[in-house]
Each structure stands twice: as C-alpha cells, then as structure tokens.
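Each chain, letter by letter, is given below.
Protein chains: 2
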Amino acid sequence: MVDIRPFASADWPEVWAILEPVFRAGDTYSFPADIDEAEAYRVWIELPVATFVAVDPAGCVLGTYYLKANQAGPGAHVCNCGYVTGDRARGRGVASALCEHSQRQAVEHGFRAMQYNMVVSTNAGAVRLWQRHGFEIVGTLPGAFRHPGQGFVDAYVMYKTLA
Amino acid sequence: MVDIRPFASADWPEVWAILEPVFRAGDTYSFPADIDEAEAYRVWIELPVATFVAVDPAGCVLGTYYLKANQAGPGAHVCNCGYVTGDRARGRGVASALCEHSQRQAVEHGFRAMQYNMVVSTNAGAVRLWQRHGFEIVGTLPGAFRHPGQGFVDAYVMYKTLA
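So the sequence lines, in the order shown, correspond to chains H and F.
Numbered as in my numbering, the first sequence ends at 165 without a single skipped number.
Numbered as in my numbering, the second sequence ends at 165 without a single skipped number.
Treat the hints with caution; some may be incorrect.
Unchecked claim - Some chain F residues judged to face chain H by a derived CB distance under 8 Å, without partners named:
no.	residue
1	K70
2	A74
3	T142
Stated by the list, open to error - Covered by chain F, according to a simulated footprint, are these stretches of chain H (three or more residues, beta-carbon under 8 Å):
no.	stretch
4	33-44
5	88-102
6	114-121
7	138-149
8	152-165
Just so you know, the hints here were simulated from the structure itself, not pulled from any lab data.
Every residue, glycine too, gets a C-beta built ideally from N, C-alpha and C.
Okay, chain H solo, but in the shape it has when bound (with noise of 0.2 Å):
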C-alpha cells in the first residue's frame, strides 16, 4: 500500500530525514557525506525535472526519487534518476515502486532511456534491483567509489533504453 506522488514544500522535513542519513554514510552515492541541508535540496529538489516521494496509507513518506536529464543537448533524451528509501520502506517493495514509477514518468517527460552512472559494485542489493527492472550493467568503472569501509571500489554504469 504505497502511493506515490510529486513531491511538496511540506515533504521536505521527511524527505530530507531519509536523504541525511544515506548521504552521511557515504557508501552508495556520489554526494558529498557532509551536504548541507541546502546542497541537498538543490540537488534532490530543485536542479531535477521532477521529485516524488512514496508514502503509506499515513502520509508517511517512505521513498524518494529525482528525475533528470542525465546530459545536456544532444544527451538530453537520456535521463537520471536517484532513489532513496527510509528504514521504515524496508521489504514492502518501496524501491522497485519506485523504479517502475520512474520508467514511466521519464516516458512521459520525452525521455528515451534512463542512465545510471555510478552504481556501487558493493551495493549489490541494488545492483540485483536494477537488473531485476531491466537495467543492464554496461560499463565497469575501475575503482571509481572510494567506500568509506572497502577503499576504491568499482562503479557500473547502468542503463535501459526505454522507448
């Protein structure tokens, strides 16, 4: 039972309290892990085409994700998206809601295909995900995520042509 919607002024609190603690951690995006509070809203709220969130029957917000274009001009029908899940999204398939919801909004906005550009090699949790929705694993990045536990780890591009 998750709804998912375009993101309000008044989700901010929520989203952020869901955003702050995977960017402090530091191992699967590529955001500095001491953002500012500011820095994330430009990036998660203002600098994308889109933001949605997920929310249960509550109102709760349980996910978030930006849409974007992932290159300018002629790169422009390719997009970009970031998910991020809270803790209380676990096993209620808030992530893969997401993803799907994500394919079709990009759709609607004239994209053509989704990018992903730094997929953690360790984050294979989310790896399985993506593939699990289509996305293939196109290009390895040698040591291109410096994991706050593991050192330089791999990174994937990931991608899936969309129309």
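Dock chain F against the given chain H, drawing on the hints supplied.
Quick look at chain F alone, frame taken from chain H:
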C-alpha cells in the same frame, strides 16, 4: 611548437571562437547546440577546477581543455576533461598535447583517474586518439547521443587510471 598554459581572461574571445563552431555543430559534445556565450563561459571556465589553452609561438590560441571532478564526494577522485581544438590546430598534435598535459595536471590536482562520459562513437578520430593515450572503452551507451546527421548513435564511456 605548442605551449600550454592556464587560461587567462583575455583569452576568452579566442577560446569562444574555437568552442562556438564545435558546440553549434552538435556532433561531438553534449552541450546544447544553441548554448549562449555566457553559459559556455560558465561550463568551460567557471565550473571546472582549471582551464588551459594551447598557444602557438605568436600567442594565438589553438585549443583548450577544462579539468574538473567528474562526481562529488566518494567519486571526486576521478576527473573529467573536455578538449576542443581549432581549425588552425589540425595536424599539429595539439589534441595529443592537451591530453598528455591534462593527465599530468590531473595527477597534480590529486585525481587518481580520468573519465570521459560520452565519447560519440561516430567521432572515430577522437576514440582512436584517446585509446592511443591509454584510455579504454569501459562502457557503451546505446543510442545515447542524438547526432544531427545520423540520428541516435552510441556513445562510449572511456576511462584511464592515472595513479
């Protein structure tokens, strides 16, 4: 006889004269073909960590490149460069000189690897040139570049470990 030195403000008219036709052509870089001069200045000069120019003995600008981190935080040890040479540079090894220079600069700035995110597959000369300088195609992005003459063509992710 090519000298490579840091960009200085007075170089901008010459640099823009080299960049503009390349951006307008829209067949090699994922900048908007209609990018205006102020935005070009922002992406080529202001956003990067550093920008350099290659000049001939008379001081005329033959080419330019920028150097920047490709990602933030845990990805910030991998840099990205963009290179453009002018018509007067043809056959003089300017692109090679810029590539070599950029690798040394990258190491000096503490980067451990260099990544090109979108080398257009139809730009065969560039692909060969980067390969000759030790870059490998680590990924292929299907149809990720909308070529003005050839439609949706593949783009390569190229990568070189520097240190």
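Results of checking the hints against the structure:
no.	hint	result
1	K70	violated, 14 Å
2	A74	holds, 5 Å
3	T142	holds, 6 Å
4	33-44	holds (count 4)
5	88-102	violated (count 0)
6	114-121	holds (count 5)
7	138-149	holds (count 10)
8	152-165	holds (count 5)
Comparing the model with each earlier hint shows violations of hints 1 and 5; every other hint is respected.
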